[in-house]
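**Q** So the chains spell out like this:
Number of protein chains: 2
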Amino acid sequence: MTRSFFTCACAVTLTAVLGQSRNTDLLRFVDPMIGTQRMGHVYPGATAPFGMVQLSPDTDTIPYAVNGTYNPEVYRTCSGYQYDDSTIVGFSHTHFSGTGHSDLGDILLMPTTGPLLMNPGTAAHPESGFRSVFHHAGEKAVPGKYEVLLEDHGIKAELTATTRVGMHRYTFPRTETAHVILDLVHGIYNHADKNVWTFVRVENDTLVTGYRQTNGWARTRTVYFAMAFSKPIARYGQQPDARPQEYRGFWRKFDQNHDFPEMAGKQLRAWFDFDVKAGEQLQVKVALSSVSTEGALRNMAAELPHWDFDRVVRETQDAWRAELGRIRIESKRPEVLTNFYTAMYHACLAPTVYQDVDGQYRGLDQNIHTATGFTNYTTFSLWDTYRALHPLFNIIQRERSSDFVNSMLAHYDQSAHHMLPIWSHHANENWCMIGYHAVSVIADAHAKGVEGFDAKHALDACAATARHRGFEGLGEYMDLGYVPEDCSGSSVSKTLEYSYDDRCIYRMALSMRNEDIVTEFLIRSENFKWIFPPQGRFALPRLANGEFITEFDPLDTHQKGFIEGNAWNYSLYVPHKPDAIALMLGGPKGFREHLDSLFTMELPDKYFEHTEDITRDGIMGNYVHGNEPSHHVAYLYNYTDRPWMTGKRVRDVLDIMYKPRPDGLSGNDDCGQMSAWYIFSALGFYPMEPGSDAYELGAPVVDRAEIPLPDGRTFKVIVKGQGPKNGYVQHVELNGARLDRTTITHYELMAGGVLEFTLGPNPPNF
Amino acid sequence: MTRSFFTCACAVTLTAVLGQSRNTDLLRFVDPMIGTQRMGHVYPGATAPFGMVQLSPDTDTIPYAVNGTYNPEVYRTCSGYQYDDSTIVGFSHTHFSGTGHSDLGDILLMPTTGPLLMNPGTAAHPESGFRSVFHHAGEKAVPGKYEVLLEDHGIKAELTATTRVGMHRYTFPRTETAHVILDLVHGIYNHADKNVWTFVRVENDTLVTGYRQTNGWARTRTVYFAMAFSKPIARYGQQPDARPQEYRGFWRKFDQNHDFPEMAGKQLRAWFDFDVKAGEQLQVKVALSSVSTEGALRNMAAELPHWDFDRVVRETQDAWRAELGRIRIESKRPEVLTNFYTAMYHACLAPTVYQDVDGQYRGLDQNIHTATGFTNYTTFSLWDTYRALHPLFNIIQRERSSDFVNSMLAHYDQSAHHMLPIWSHHANENWCMIGYHAVSVIADAHAKGVEGFDAKHALDACAATARHRGFEGLGEYMDLGYVPEDCSGSSVSKTLEYSYDDRCIYRMALSMRNEDIVTEFLIRSENFKWIFPPQGRFALPRLANGEFITEFDPLDTHQKGFIEGNAWNYSLYVPHKPDAIALMLGGPKGFREHLDSLFTMELPDKYFEHTEDITRDGIMGNYVHGNEPSHHVAYLYNYTDRPWMTGKRVRDVLDIMYKPRPDGLSGNDDCGQMSAWYIFSALGFYPMEPGSDAYELGAPVVDRAEIPLPDGRTFKVIVKGQGPKNGYVQHVELNGARLDRTTITHYELMAGGVLEFTLGPNPPNF
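These protein sequences, in sequence, are chains Z and A. Everything in the first sequence is counted per my numbering, starting at 5 for the first residue and increasing by one. Everything in the second sequence is counted per my numbering, starting at 5 for the first residue and increasing by one.
No lab work stands behind these hints, which were simulated from the structure alone. The structure displayed is predicted, hence computed values, not measured ones. Here a beta-carbon is modelled for each residue, glycine too, at the ideal position from N, C-alpha and C. Hints may contain errors.
[Stated by the list, open to error] Covered stretches of chain Z (chain A as the covering partner; in silico rule of three or more C-beta atoms under 8 Å from a C-beta of chain A):
#1 196–206
#2 217–223
#3 368–380
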């Protein structure tokens with residue numbers, strides 16, 4: 005099979021029906037526990053698709069810093085939950101899915117019995133605090149519902165959620181001391197100064213409101229809540245604040261620790277006591293808002309006015325069924341079904357809704373804005389998700405894609421820097437990682453015909469962002485063609501990623517006939533060339549005086565010039581010019597041999613130890629799947645003399661690096677990027693260059709797949725010869741016509757039709 | 005002259021005209037420097053009447069606590085300014101007028117030249133920081149404008165303000181280093197943890213926005229601002245934050261200290277540099293909002309869209325002329341004119357507007373509300389101001405009185421305690437001092453026919469507040485008839501004040517025919533009797549078991565049972581039953597002798613040293629004018645056998661305790677209460693029992709006075725025989741008919757007419 009671009013495919017209609025799988029409840033293929041152990045960093049709790057509330061158990065309270073020094077242990081609980089932990093400190097309402105740095109964990113509730121203990125205690129001595137021992141045998145997680153037995157208290161806790169409201173159902177044993185702790189001190193990646201302010205009002209005997217304001221990864225963030233109980237509070241109070249407090253005299257007039265309805269301070273914990281019978285269920289609804297407690301109350305009134313817990317589970321699970329059903333697959337291998345639909349589940353956890361039911365939300369400027377004509381979202385882990393997650397959305401979540409672009413444009417409009425988001429969450433820019441990949445997300449949406457946003461404004465925003473001279477060496481990049489390492493670190497990674505991002509802007513400008521931008525960014529998109537020394541195999545960091553830094557170790561991720569990827573992996577990061585890279589590395593054959601080396605070399609342990617965010621399973625040779633810069637690398641084989649190696653490598657990665665078990669994710673899921681890679685690759689194609697309309701072909705692991713499309717069309721993937729030993733694509737047909745290229749286009753996909761792979765145990769007769 | 009109640013007065017029209025004084029510019033009688041030295045605690049800066057912005061120089065940065073211990077020195081600068089200080093640290097935009105505890109001092113600006121210094125330095129070494137030496141010769145304060153020469157920097161600074169916007173005009177010398185420091189660390193009554201969060205955005209090269217959030221006397225408070233410069237910022241930056249900061253790594257990507265447009269942290273100071281020529285004027289407009297920076301921007305756009313400093317001065321001074329002109333007096337004594345109109349000025353500084361131009365404001369529940377049908381105000385120093393200031397408003401500021409009641413009702417509606425304000429400011433209840441005197445303010449407004457609020461809702465709010473069992477011994481008071489000292493301190497003061505407040509509720513309920521409340525609160529209003537032991541001269545603290553605490557010193561303010569007044573003064577605090585007190589103290593003659601003792605006794609120094617908030621001038625014998633509980637005491641002579649002594653004592657107090665000089669206020673002006681006492685008393689009458697419609701007659705110090713009334717009516721005060729030696733009222737005529745009583749009613753006043761006092765050098769022929 006020779007590869008060639010620009011070949012038209014005939015449209016052929018396939019009439020085959022996927023049969024039984026249509027009627028299967030896809031929910032049963034989702035296991036939210038996958039990825040909760042070790043590196044996956046996902047959370048097992050209850051959430052609606054893209055929900056604002058992520059109500060999930062937190063298994064420890066690891067401080068971000070000990071004696072002022074970063075505590076690496078905190079990394080274990082980026083999602084609040086680690087499968088190996090033995091205790092639960094409570095259930096908080098906000099969580100990231102799969103991140104490698106963290107924040108959130110807001111508004112923790114913990115039901116307890118026995119003596120009122122107002123501190124979480126320690127994992128070694130859970131009896132010293134309100135936390136409880138739990139075992140996985142007493143735990144059950146399904147989309148939209150989580151339950152666990154809190155053994156120390158004899159309480160069964162069940163959780164569910166609508167988009168903006170978390171709902172708890174606690175079944176108490178016989179007890180005369182039934183407490184619910186509201187812990188506003190608790191948080192993920194908490195440090196001593198993280199809480200800026202906390203505020204609680206007991207509005208009446210069943211309603212409590214308040215907020216938690218933090219200075220964390222989001223520098224200036226406030227989460228408002230409204231909490232309703234299904235039965236009256238019998239007594240309540242707050243933990244006495246041990247901190248010396250100025251002006252306290254004026255507050256001594258009341259007993260502030262008991263039944264005092266307005267609490268405020270930096271470290272608030274409150275308790276609420278209830279009179280319950282044995283087996284009685286206490287229910288709690290907690291609505292969130294970024295706007296105000298009134299906003300939270302409106303969200304509760306609109307989304308969850310009733311007390312029917314099971315109905316919420318049912319409706320949220322129906323919402324999940326709809327999202328999961330956007331791709332239907334068949335496989336004889338249960339692990340493929342579980343991996344695939346769990347990936348689909350994880351791919352629908354971020355970005356998250358970030359507005360109240362009336363459209364109001366807190367913007368980056370900390371003012372209250374109203375989203376008009378779109379739904380506002382937050383949690384844009386863009387360095388990760390531009391690669392495959394957003395392209396996936398541009399197929400199966402096109403309305404949300406438009407919302408995402410509009411949300412990023414709102415961020416741009418509110419930005420004092422006049423920049424699109426880099427890594428943004430909860431009305432904040434946290435500036436995490438490099439590049440300005442919002443431009444990729446926008447260009448990809450534009451290239452793929454997503455509508456509903458102002459393309460001209462979007463292109464302006466992309467160009468303005470890419471021209472911000474003060475940002476991470478961009479000024480020098482614009483002047484010299486590369487980021488000099490002596491001006492801004494990780495300069496190789498940055499130069500490569502800027503160069504790719506610039507290609508996205510060029511493509512978008514080209515399609516919009518904006519000549520100025522086209523010229524400027526076409527030139528910039530070639531900048532990757534400046535950091536490859538003549539005859540070199542690796543991109544090298546370069547100084548402002550033009551010299552290359554040649555003394556360096558291409559296996560070391562912590563090498564000057566690089567971040568989250570060593571020179572071996574990063575030097576392949578020119579997704580928009582794979583042929584150029586192939587040429588630099590000796591043409592199709594030399595390039596292939598280079599890739600083979602990558603996948604098969606022996607990486608000494610010392611290098612792995614320095615590699616963040618991944619398990620040993622996340623590495624294949626020196627190919628690092630657990631971090632994103634390599635996600636397109638297997639597809640580069642399409643630009644070698646043995647393109648079928650793409651499918652071979654991809655299938656190996658799919659099978660080795662994704663397992664249907666708690667430790668089954670080999671690296672951080674990164675807000676769905678790792679999962680989106682699985683979804684695409686399992687289907688047999690991948691968006692190597694987001695911003696273009698091409699998908700590189702690989703080799704599917706599904707038996708069949710069906711993607712419902714607008715206007716009743718369907719895109720189908722059919723696989724002949726699927727089997728564990730048949731790792732090589734023999735040939736591919738699109739609508740019955742054999743393809744003589746290794747790509748299909750987005751428009752071919754969206755037109756509907758059938759993509760048929762034929763697999764075999766050996767490379768095809770090339 | 006025998007005294008008798010319930011005598012009708014004939015309405016007579018006086019045709020005399022006040023002549024020249026109508027055309028006098030009253031502004032020239034106001035000296036904002038009066039009361040800035042020692043105990044007055046007023047500020048000399050620029051503000052509009054009842055303005056949200058109080059733009060004034062702060063002369064020191066005294067910490068609230070040193071090593072965790074309250075620093076009594078801080079008390080000197082409750083208003084930010086002490087006349088005796090030698091340096092100015094800058095100009096901040098919020099100040100209390102005359103309080104005895106403090107807060108505010110938000111958003112300090114300081115123009116400087118020379119090396120950029122980012123700390124205020126010390127008074128002893130002003131050159132070590134950005135502060136500057138100043139002298140009163142280089143200073144000028146008039147209503148609506150303040151100016152000062154900042155000698156260390158050679159900068160003339162001029163300040164003015166609209167209701168919501170402060171305006172600065174800085175005239176620079178020849179310099180290549182013209183800085184403006186924006187100090188968000190600075191505040192009044194600042195302690196190390198007071199700043200909760202600060203936030204600054206440089207929106208463009210002439211506009212900066214941000215906020216300061218504090219935990220001070222107001223526990224949870226945020227002031228938003230928008231600041232516009234009249235010329236582009238050349239360079240800007242922030243003071244590097246020395247505090248270890250978690251997550252800082254993510255921000256290191258930028259140089260955050262220079263030209264980084266989004267600053268946030270707990271202790272922010274920013275600098276803005278300008279290129280100026282010698283003599284060039286840089287102007288700055290700073291708008292405030294309790295809602296958001298957008299709210300501040302809207303306030304600026306609506307109130308001060310232009311750059312004409314002199315026009316702002318002109319318009320704000322016109323607003324002041326209108327307020328001052330609500331009472332026109334004549335006097336041959338310049339000091340009376342100055343004292344009177346300075347008192348009028350000070351009486352229009354609080355409460356302050358607390359809403360944006362669109363009616364939005366932050367409520368007590370921290371949510372954003374919109375004032376509909378009224379203007380929302382804050383800064384209710386009610387323990388002070390219910391006595392004379394609000395009654396004064398019920399004559400000359402009746403529309404604002406309605407707004408004040410509606411503002412207090414909004415507070416009630418938003419209160420988690422379901423209580424009216426005690427001492428509230430900036431969306432917070434600070435619980436300062438005792439009683440629930442909002443009910444007095446409401447009842448007085450109701451009794452005096454102020455309209456525009458829901459009287460039924462107001463009465464409900466009054467009763468609910470008075471029934472809050474958890475508040476300061478109220479539960480026990482309701483059960484036992486008095487506050488037991490062993491349950492809640494200052495129990496005598498509380499019992500007496502609750503009893504008076506209950507009379508207010510009774511009166512209001514009576515007029516509204518609410519029989520349940522009438523009965524309950526009539527009984528409660530007699531509760532003062534329970535703390536007077538049989539045959540005792542002083543009210544005594546009592547225990548829950550019924551016993552009196554008899555071992556105590558009636559001269560000691562810090563005696564158990566009392567607050568801000570000793571037993572001598574406080575035992576006279578039954579303003580609603582002066583005849584009952586007179587009877588207890590031996591009838592008219594015995595009562596008079598008791599009062600004479602009070603005014604003439606020798607108070608040993610040791611007692612004065614323990615008396616807060618007043619200068620030595622604030623005491624006459626053991627009569628303590630510098631604190632409020634005695635403010636009605638001189639008028640009690642009307643209930644003795646020598647009622648003319650009222651006038652005699654009042655005139656002595658007016659002349660001795662109010663002087664037209666910086667140290668001329670003998671105690672804290674207390675948001676205008678001390679000034680309102682002067683205004684009433686100078687006119688010859690006083691509201692001894694707010695909530696009733698009666699004014700007790702005293703003896704005027706004005707020669708004539710005229711109060712313009714609605715519908716073209718006028719109430720006039722004419723004095724025959726005015727002169728320093730004529731301290732005794734001979735007789736009083738109302739509209740030509742001689743009064744055989746010592747009171748007039750509000751309705752007589754509001755009907756217009758003439759009140760004519762005839763004074764003489766000796767007591768009248770009685």
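**Q** All hints are to be evaluated individually against the structure, with a verdict given for each.
**A** So, going through the hints one by one against the coordinates:
With 7 residues bearing a CB less than 8 Å from a CB of chain A, the segment 196–206 of chain Z meets the requirement of three and the coverage assertion stands. Closer than 8 Å: that is the beta-carbon criterion, and the segment 217–223 of chain Z has 5 residues meeting it against chain A, so the requirement of 3 holds. Under the rule that three or more residues need a Cβ within less than 8 Å of chain A, the assignment of the segment 368–380 of chain Z holds, with 4 such residues.
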